[in-house]
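Student: On the provided structure of chain S, position chain U as indicated by the hints.
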Amino acid sequence: MLESAEYLVTATVVTVLLALLCGIALAASSRNRAVAQTRSRAKVSVGAGDFAPVQPKAEAAAPARSSSLSWWATGFQVAALVLLTTYIGIRMSITGHGPFSNQHEFAVAFVWGILLVNLFFEMRFRIRMLSLVVLPVAAVLLVYALGLDTGVKPLIPALQNNLLLTLHVGFAIIAYGAACVSFGAAVLYLLHPVLPKRLPLPRQDVLDDVGYRAAVVTFPLLTIMIVLGSVWANTAWGRYWGWDPKETAALVTWLVYGAFLHVRVVRNWRGRQAAWMLVIGFVTVLFAYFGNHFFGGLHSYA
Amino acid sequence: MRELFGWVYRILYSKVLGAVVIIAMAVLALLGTLIAQAPATSDAAAHAAWLESVRPRYGGWTPVLDYLGIFQLWSSPLFLGVTVLLALSIIACTTHRLPQLWARATKPRVHVTEKFFERAQYRAELELPLSLDQTAEHTGSVLRAAHYRILPDETLTGQRGWYSDRFRWGPFGTAIAHAAMVVILIAFGVSAFTGFEENLDIAVGESAEVGHDTGLVVTVDSFKDAYDDMGRPTDYVSQLVVTRDGQVVAEQEVRVNEPLRIDGTAIHQASFGIAAGITVEQEGATLFQGAVPLKWQSNDGRYAIGKIQPAGTGLEVLVVTPASGATDAGIAAGSAVFEVYNVASGEKLDVMPAEQGEQVEAGGLTLTFERELRYTGLIARQDPGAMWMWVGSTLLVLGMCMTFMLRHRRLWVRITPVDGGSRLQLASAEKLDTTFERHFRGLVERIDATAPETSPSTDDKELIDA
Numbered sequence: 001m002l003e004s005a006e007y008l009v010t011a012t013v014v015t016v017l018l019a020l021l022c023g024i025a026l027a028a029s030s031r032n033r034a035v036a037q038t039r040s041r042a043k044v045s046v047g048a049g050d051f052a053p054v055q056p057k058a059e060a061a062a063p064a065r066s067s068s069l070s071w072w073a074t075g076f077q078v079a080a081l082v083l084l085t086t087y088i089g090i091r092m093s094i095t096g097h098g099p100f101s102n103q104h105e106f107a108v109a110f111v112w113g114i115l116l117v118n119l120f121f122e123m124r125f126r127i128r129m130l131s132l133v134v135l136p137v138a139a140v141l142l143v144y145a146l147g148l149d150t151g152v153k154p155l156i157p158a159l160q161n162n163l164l165l166t167l168h169v170g171f172a173i174i175a176y177g178a179a180c181v182s183f184g185a186a187v188l189y190l191l192h193p194v195l196p197k198r199l200p201l202p203r204q205d206v207l208d209d210v211g212y213r214a215a216v217v218t219f220p221l222l223t224i225m226i227v228l229g230s231v232w233a234n235t236a237w238g239r240y241w242g243w244d245p246k247e248t249a250a251l252v253t254w255l256v257y258g259a260f261l262h263v264r265v266v267r268n269w270r271g272r273q274a275a276w277m278l279v280i281g282f283v284t285v286l287f288a289y290f291g292n293h294f295f296g297g298l299h300s301y302a
Numbered sequence: 303m304r305e306l307f308g309w310v311y312r313i314l315y316s317k318v319l320g321a322v323v324i325i326a327m328a329v330l331a332l333l334g335t336l337i338a339q340a341p342a343t344s345d346a347a348a349h350a351a352w353l354e355s356v357r358p359r360y361g362g363w364t365p366v367l368d369y370l371g372i373f374q375l376w377s378s379p380l381f382l383g384v385t386v387l388l389a390l391s392i393i394a395c396t397t398h399r400l401p402q403l404w405a406r407a408t409k410p411r412v413h414v415t416e417k418f419f420e421r422a423q424y425r426a427e428l429e430l431p432l433s434l435d436q437t438a439e440h441t442g443s444v445l446r447a448a449h450y451r452i453l454p455d456e457t458l459t460g461q462r463g464w465y466s467d468r469f470r471w472g473p474f475g476t477a478i479a480h481a482a483m484v485v486i487l488i489a490f491g492v493s494a495f496t497g498f499e500e501n502l503d504i505a506v507g508e509s510a511e512v513g514h515d516t517g518l519v520v521t522v523d524s525f526k527d528a529y530d531d532m533g534r535p536t537d538y539v540s541q542l543v544v545t546r547d548g549q550v551v552a553e554q555e556v557r558v559n560e561p562l563r564i565d566g567t568a569i570h571q572a573s574f575g576i577a578a579g580i581t582v583e584q585e586g587a588t589l590f591q592g593a594v595p596l597k598w599q600s601n602d603g604r605y606a607i608g609k610i611q612p613a614g615t616g617l618e619v620l621v622v623t624p625a626s627g628a629t630d631a632g633i634a635a636g637s638a639v640f641e642v643y644n645v646a647s648g649e650k651l652d653v654m655p656a657e658q659g660e661q662v663e664a665g666g667l668t669l670t671f672e673r674e675l676r677y678t679g680l681i682a683r684q685d686p687g688a689m690w691m692w693v694g695s696t697l698l699v700l701g702m703c704m705t706f707m708l709r710h711r712r713l714w715v716r717i718t719p720v721d722g723g724s725r726l727q728l729a730s731a732e733k734l735d736t737t738f739e740r741h742f743r744g745l746v747e748r749i750d751a752t753a754p755e756t757s758p759s760t761d762d763k764e765l766i767d768a
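Protein sequence lines, in the order shown, are assigned to chains S and U. Take the first sequence: its position 92, counting from 1, is numbered 92 in my numbering, and each next residue is one higher. Take the second sequence: its position 114, counting from 1, is numbered 416 in my numbering, and each next residue is one higher.
Just so you know, the hints here were simulated from the structure itself, not pulled from any lab data. Please note that the accuracy of each hint is not assured.
Stated by the list, open to error - Listed next, the in silico DSSO-like pairs over lysine-lysine satisfying Cα-Cα at most 30 Å (straight line):
1. K246/S to K153/S
2. K526/U to K609/U
3. K409/U to K609/U
4. K153/S to K43/S
5. K43/S to K417/U
6. K246/S to K409/U
7. K317/U to K733/U
8. K650/U to K526/U
9. K733/U to K43/S
10. K733/U to K650/U
11. K526/U to K153/S
12. K197/S to K733/U
13. K609/U to K597/U
14. K417/U to K733/U
15. K609/U to K650/U
16. K409/U to K153/S
17. K597/U to K526/U
To be verified - To be clear about the criterion: a stretch of chain U counts as covered by chain S if any three or more of its residues have a C-beta under 8 Å from a C-beta of chain S, and this derived list gives those stretches:
18. 417-431
19. 606-614
20. 680-690
21. 693-707
22. 728-738
No residue lacks a Cβ here, since even glycine has one placed at the ideal position from N, Cα and C.
Pulled out of the complex, with its shape left as it was, chain S reads as follows (with noise of 0.2 Å):
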C-alpha cells in the first residue's frame, strides 16, 4: 500500500515540473497581456502615477482567464497538491499521525505547505511568475524526499504526542511555505533588471510588498510554532527552552525575519536590502529543516 502510494510522490514532482513548464511558456507568450476593459466612473492613482480606471493594472493582474496556459498552470499546481495531500492522508492512516516524524514526511510536507501558500498568494495577489522561482524549490526538496527512507517506523517516545506534533510541526510547514514565496518574490525582484523586459513580470515595487506580505505570514507563524513547541519541550522534557541546536535553528530563523519586519517598518528598508534579508531568511529556513543532519541534539531522531 506505502509503496503502491509513493507513486503520488513521482506524480507530484512530474506535475509540479509541468505546472513549471506551463509557467514558463507562459512568461514566454504575450497571450497575458489583455487590459481588462472597465466601465467604471472612478479614477484611482498609486504613487507618482496619473489617474486610472479602478481596475487593477494588467501587468499586476491575472492573465485572462481565457489563457489556457494559465489554466493549466494553475491546474497542475491544484493537482500537485491533490496528489500531496492524498499520499499524507494515505501515510497519515498507515503510520497513525500526521507526516512530520523523519525527513522524507517532513520534506513532503514543507513542499506540500510551499504548494498550498503559493497557490494562495497567485490567487490573491495574482502574480503567476512567483511560481517560476517557487516551483524549482518544491520539485527539488520532493526529489530528495524520494531519496530518503520512506519507511514507516514506530515514532519514538519523545514524539508520541499527537495533537502537538500535528500544530507544531503544522505551523512550521505553512510558515517555511509562506518563507518560501517570500524568497520567490525576492529572487524575481533580484533579477526583474537582467530579465527580458517583454517578459511579464509584475513592477519591482509590487515584488518587493509580495514578499513584505509573504514575510508577514511567515512570521507570526514561526512565532507561534516555536511557542507550541516551547509547551511541547516542557510537557517531554521538563524545561520550555534548552538551547537544542534545532531549537537555536528556529530561533536564528525567527530573528532574522524579526529584524527584516523591524527594518521594514521603522526604518522603510526596501529593495535590493529587504529582497537580500529575504533570501538570507530563506536559507536560514533550510538551514534550521536541513540541520537535522548534523546538529545532534535532542531532535536528532528525525
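Tutor: The following block gives chain U in isolation, referenced to the frame of chain S:
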C-alpha cells in the same frame, strides 16, 4: 545627569540599535548552534577534559573561543549583555512610541489641504450625479460598512469632507508584542534564578526524596519498556507513587509526554538503564545505600560504569560491571569492580573486585555490591518562570495578530459640488502596500457601483418642496 539620561534613552530607542541588537542576537545564536557547547559544570578538570576533546575540531582557536565564552555561549557575559541590551532597547522603543500611537488613535488630523488630494500615495476621483449630501451619505455608508469611523472636517465651507480610519487600536499590537518580549526575557531570568531541577535516578522498588522543601518522596513501583525490531525504544514508562509525610499524594504512570504534576512540581520521565545496588559504609556508619546508575561506558565499550561521591569523604567511588552483551570483559558476569579516587588530587586509591553480596574494603570505605538493578531516570522540576513564559508567548502572538491583521487604515474624503453632481475625492498617505491598494480600489469601486442613479436637481427639488 538629566542630559546623560536623555542621551542614553535616545540611543536605546534608536531603531538602528534595535535592528543591530536583533541581528547580533541572531549571529550569536547561529554561533551557538554551529559551535559545540560545553556541558555546564563547575569542575575545572572536567571542563579542561572537554576542551581537549574538541581541540582536534577547533585547533588553535580552542583557547580563543574558550576565552571569549563561545563554548558556553548561553551563559557568557557577551550573550547576557546583548540580551539585556535587547530588553532595554525594547522597553525604550515601546515607551517612546506609545504617545505617538495614542495621539494617532485619539487625536487624528482631520483636516488636510487640497494639495493632499493631488499628492497622496493613494488617490481616487469620482463624479457622481448626486447632491453633496447624497454623495456624503452614500460614501459614508460604504465606509461604515467597511468598519471605518467618520470624523467630519468642520473647517470646510461649501464642501463636505471627513477623516476616516479603521482598526485604530491595531498598532498597539506592536506595543503588546514588545512588552511580551520583555515578559519572555523576564521569564528566562525567573527560570534561571528560581525553582529547581533535580535528577532522580531511582531503582525499581526504591524511593528518593525530591528535596527543596517540597516534602515529596517518589517511589518507583514498576518500570516497563518496549522496543521496535531495530532495537530502538518505542515506550518506557515508570509507575510512580508520590508521598508526603507518609501519605500518598499522587500516583501515575509517567511517560516522556505524560509527566506527573503535584503542587507545582513536575516529575518527568528522562531516561532508564541498569544500575548497581551498592552500600557504602565508613567506620560502621552507612554513607550510601541504593542504586548507582551505570550511565557511562568505557572507551572500548566493554564496561558499564557508575559514579558516586559519598558525602563528606572527599572520595569518588566508581562501580564497574561488564557492559550489556560484552562477552570479552575482564569482569565476570554478576560481579563488579570498585575503584576509589581522591576527588581533589584525582589519585586512584584502590581497586577491588567484588562478587554479588560480598563486602570489600577500599580507600578506607566498606563497599558491598548487592546486585544489578533496573533504574529509571526522572527529572523533578519546579519552574516559576514557565507561567511568565506562557503569558509572554500569548501576548506575543496576540500583539502580532493585532499588528499584522488589524492594520490601521486612514483615509481622507472630500466632496465638492460640480455641474451635474458632486466630485468625490479620496486619498490616503499609506506607504506602498498591495493589500491596501486592492482594498482602496475595492472601496472606490463599491462607492461607484452602489451609488444611486439620482439626479441632483430632482433631489434638490424634492427637498425644496418638502
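Student: Does each hint fit the structure? Answer for all of them.
Tutor: Outcome of the hint check:
| no. | hint | verdict |
| --- | --- | --- |
| 1 | K246/S to K153/S | holds (22 Å) |
| 2 | K526/U to K609/U | holds (25 Å) |
| 3 | K409/U to K609/U | violated (70 Å) |
| 4 | K153/S to K43/S | violated (61 Å) |
| 5 | K43/S to K417/U | holds (17 Å) |
| 6 | K246/S to K409/U | violated (47 Å) |
| 7 | K317/U to K733/U | holds (19 Å) |
| 8 | K650/U to K526/U | violated (38 Å) |
| 9 | K733/U to K43/S | holds (19 Å) |
| 10 | K733/U to K650/U | violated (74 Å) |
| 11 | K526/U to K153/S | holds (20 Å) |
| 12 | K197/S to K733/U | holds (26 Å) |
| 13 | K609/U to K597/U | holds (8 Å) |
| 14 | K417/U to K733/U | holds (18 Å) |
| 15 | K609/U to K650/U | holds (14 Å) |
| 16 | K409/U to K153/S | violated (62 Å) |
| 17 | K597/U to K526/U | holds (18 Å) |
| 18 | 417-431 | holds (count 8) |
| 19 | 606-614 | violated (count 0) |
| 20 | 680-690 | holds (count 4) |
| 21 | 693-707 | holds (count 6) |
| 22 | 728-738 | holds (count 5) |
Violated hints for the displayed structure, listed by number in ascending order: 3, 4, 6, 8, 10, 16 and 19.
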